[in-house]
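Note that the protein sequences, when read in sequence, are chains A and B.
Be aware that the first sequence starts at -3, since it is given in the working numbering, and climbs by one per residue.
Be aware that the second sequence starts at 175, since it is given in the working numbering, and climbs by one per residue.
Think of the hints as simulated: they come from the structure by calculation, not from any bench.
One or more of the hints may lead you astray.
Unchecked claim - FRET-style restraints, in silico, Cβ to Cβ: (1) A:Pro134 to B:Asn386: 29 to 35 Å; (2) B:Asn386 to A:Gly166: 50 to 56 Å; (3) A:Arg240 to B:Leu297: 31 to 37 Å; (4) B:Asn386 to A:Arg317: 24 to 30 Å; (5) A:Phe180 to B:Leu257: 39 to 45 Å; (6) A:Val66 to B:Gly372: 50 to 56 Å; (7) A:Ile61 to B:Ser240: 53 to 59 Å; (8) B:Gly372 to A:Phe73: 53 to 59 Å; (9) B:Arg361 to A:Pro134: 36 to 42 Å; (10) A:Phe(-1) to B:Leu257: 55 to 61 Å; (11) B:Gln437 to A:Trp176: 36 to 42 Å; (12) B:Asp234 to A:Gly166: 36 to 42 Å; (13) A:Pro245 to B:Ala370: 32 to 38 Å; (14) B:Ala300 to A:Trp69: 24 to 30 Å.
What the hints assert, rightly or not - To give an idea of the interface, some chain B residues facing chain A are shown, with a C-beta separation under 10 Å as derived from the structure: (15) Ala307; (16) Asn310; (17) Val314.
Computed from a predicted structure; not experimentally measured.
Each residue gets a CB set at the ideal place from its N, CA and C atoms; glycine is no exception.
Below are the chains, spelled out letter by letter.
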Amino acid sequence: MKFLLQRLAFYLFTAWAALTINFFIPRLIPGDPVTSLINKFQGQMSTDAINSLYVLFGLDKNASIWSQYVDYWGQVFHGDLGLSFTFFPTPVSEILRQSLPWTIALVGITTFASFMIGTSLGVLAGWRRGSIMDGLLPVTTFLSSIPYFWLGLLAITLLAGPDSFFPSSGGYEPGLVPSWNAEFIGSAVQHSLLPAITILISSVSGWILTMRNMMVTVASEDYITVAHAKGLPERRVMVSYAARNALLPNVSGFALSLGFIVGGTLLVEIVFSYPGIGYNLFQAVGAKDYPLMQGVFLVITLSVLVANLLADVVYLLLDPRTRKEG
Amino acid sequence: MSAPATTITAVTPDGPEVAVAPVKRRRLRFVANPKAATGLAVLAFFCLIAIIGPWVAPYDPSARSSDLIQAPSGKHWFGTTHLGQDIFSQVLVGTRGVMFVGLLAGLVATALSILIGVSAGFLGGAADDSLSALSNVFLVIPALPLIIIVASTIPSAGDLMVALVIGLTSWAWGARVLRAQTLSLRRRDYVEAARATGESTWRIITFEIMPNLTAIIASGFVGTVIFAVMSEITLAFIGISTISEWNWGTILFWAQSQQALAQGAWWWFVPAGLAIAVLGTALSLINFGIDEFVSPRLRSSGHTRVKTKDGHSVRMRVGFTPVLSSKAAPVTPVVPRREKEEVA
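Please work from the sequences and hints to get the whole structure.
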């Protein structure tokens, strides 16, 4: 319990730090691009909307930095992230609410799947060292060096096309209306296959490698020798003795490398024009839509923090030492 | 210490060879690792291209010509773009930007990670708590979106700016690893001895602790360079950094925005992507080399199957006692093999 509370406190601290970074970035940069954007939409924006952008980007030069900070927090807590300029006049929070489920479904499921597949392959590669599995390493190294987005481009060229099963862009058939019926879900799954495979191929090798190295280290521990000496079946020693212990650093590594992975997967969305957060970020960058960019950054950071917390809970379940009373 | 060594060399003519050989072998052992050697060779090749690229490029990468979207040929090795620009020249010229940003960002991040990681590990107490909290925060916040936001807010993000932004945001992993290692080194006997003889903290850190961190620092540097190269190319691909400076990401940016895929112009994005992948692989290979240099256990052992004299085959593995199968082995093969050995 104490462990979990400590982690929770840390994530709250990180969330505070991320929000503070978000607060300072537009204020430290010379020039204010947001003012020119506001001027461009002069007359179409309500006073409220202009006000909220003033608070978010520190355009009010008369207010002290401290009162700006307090106002900023108040506004973020109300979920008001300003208006998007790309999708004028939709509020940023509304856009994010629409695209977040897509990203969580695609990135969440594929990251989890790649962790599971990579870890099990790593267990085998580490246990059967010197077998064919060693040949897997150079191949996966090469695959992991390929940028996600380039692999996506390649996949589109080779596999997608006008008469191919795989659609090259979008999250669902253009004519369909998002709802919970079989036709829509089927179309969504069909559209997400290619991006999912792309993410899987380029992210799986990292897990294979770390798991293999941990297995190699664990295999020479005394308790493995004891398990062998007891005459336990090889499979049991591999899974319940070696893999279970080798898994622990990999799980905490999962939490820490999530930030890197999420960054890469956002690009896959861009290449496939997948209607998620990453594509929003791309559109926002192209249009210099600062409110949307900042909103995307906040949402990504908070989601990664939540995922980290989940990984910590899993770690707690796997490692009895952290469950110690007191 | 040096006096006896010189007398030995004076007396025996083959003295220096005996004395030098082990040292030399130790130095070369890292290069002798096939993974590290391959990685270093490829990296050297890319460094060479980065230096001479702009001079050997057959065309000006931005110059337009009348050969629009042409497949690779003798005239244009990697084909041409929608404006008739030579893609081979673009890749050659673009190498410099990629290598510059990668190495500079790697240097900045490594310097920061040493500063923060080693001081956190060595100082301990409140300084350690606050510094490791700082690096954990930077570790958990997704780096790429942060880099994108910062770089897109800066009005004109050139190579130098991009390198600095990447370097300043990606030091946390190295700092964490260095802190852990410093913590374990701090209480070693030789450090205690140095402290007892009155060496200053500064001197202990630079001369007693740092040399033992070399491998970790090196692998951290290489890892950061990989990350920096990827991030820079990503930034260029999304169109954040200035498009006027050529790098591999810029080529991909134009290929994507000019619908190279729809036109079937595979030569537009394949060379740049392959270059990224090969460079990334080379850097990872160097890192594997370093890892295996430090921890020989990780080496992928070549032939672990050992044939015993009586025809059993046993797999040797670390941590395992080889067990012979209970089946009685055929006795006959023993004789012919002995004969073969004698013949050979």
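Here's how the hints hold up against the structure:
1. A:Pro134 to B:Asn386: 29 to 35 Å: Because 30 Å falls inside the window, the suggested range holds.
2. B:Asn386 to A:Gly166: 50 to 56 Å: With Cβ atoms ~54 Å apart, the hint holds.
3. A:Arg240 to B:Leu297: 31 to 37 Å: About 36 Å separates the Cβ atoms of Arg240 of chain A and Leu297 of chain B, which means 31 to 37 Å holds.
4. B:Asn386 to A:Arg317: 24 to 30 Å: 29 Å, holds
5. A:Phe180 to B:Leu257: 39 to 45 Å: 42 Å, holds
6. A:Val66 to B:Gly372: 50 to 56 Å: Between Val66 of chain A and Gly372 of chain B, where Cβ atoms are some 51 Å apart, the hint holds.
7. A:Ile61 to B:Ser240: 53 to 59 Å: 57 Å, holds
8. B:Gly372 to A:Phe73: 53 to 59 Å: 55 Å Cβ-Cβ, so the 53 to 59 Å window holds.
9. B:Arg361 to A:Pro134: 36 to 42 Å: 39 Å, holds
10. A:Phe(-1) to B:Leu257: 55 to 61 Å: 59 Å, holds
11. B:Gln437 to A:Trp176: 36 to 42 Å: Between Gln437 of chain B and Trp176 of chain A, where Cβ atoms are some 38 Å apart, the hint holds.
12. B:Asp234 to A:Gly166: 36 to 42 Å: 38 Å, holds
13. A:Pro245 to B:Ala370: 32 to 38 Å: Between Pro245 of chain A and Ala370 of chain B, where Cβ atoms are some 35 Å apart, the hint holds.
14. B:Ala300 to A:Trp69: 24 to 30 Å: Given range 24 to 30 Å: holds, Cβ gap about 27 Å.
15. Ala307: Nearest chain A Cβ about 7 Å off; hint holds.
16. Asn310: 7 Å, holds
17. Val314: 5 Å, holds
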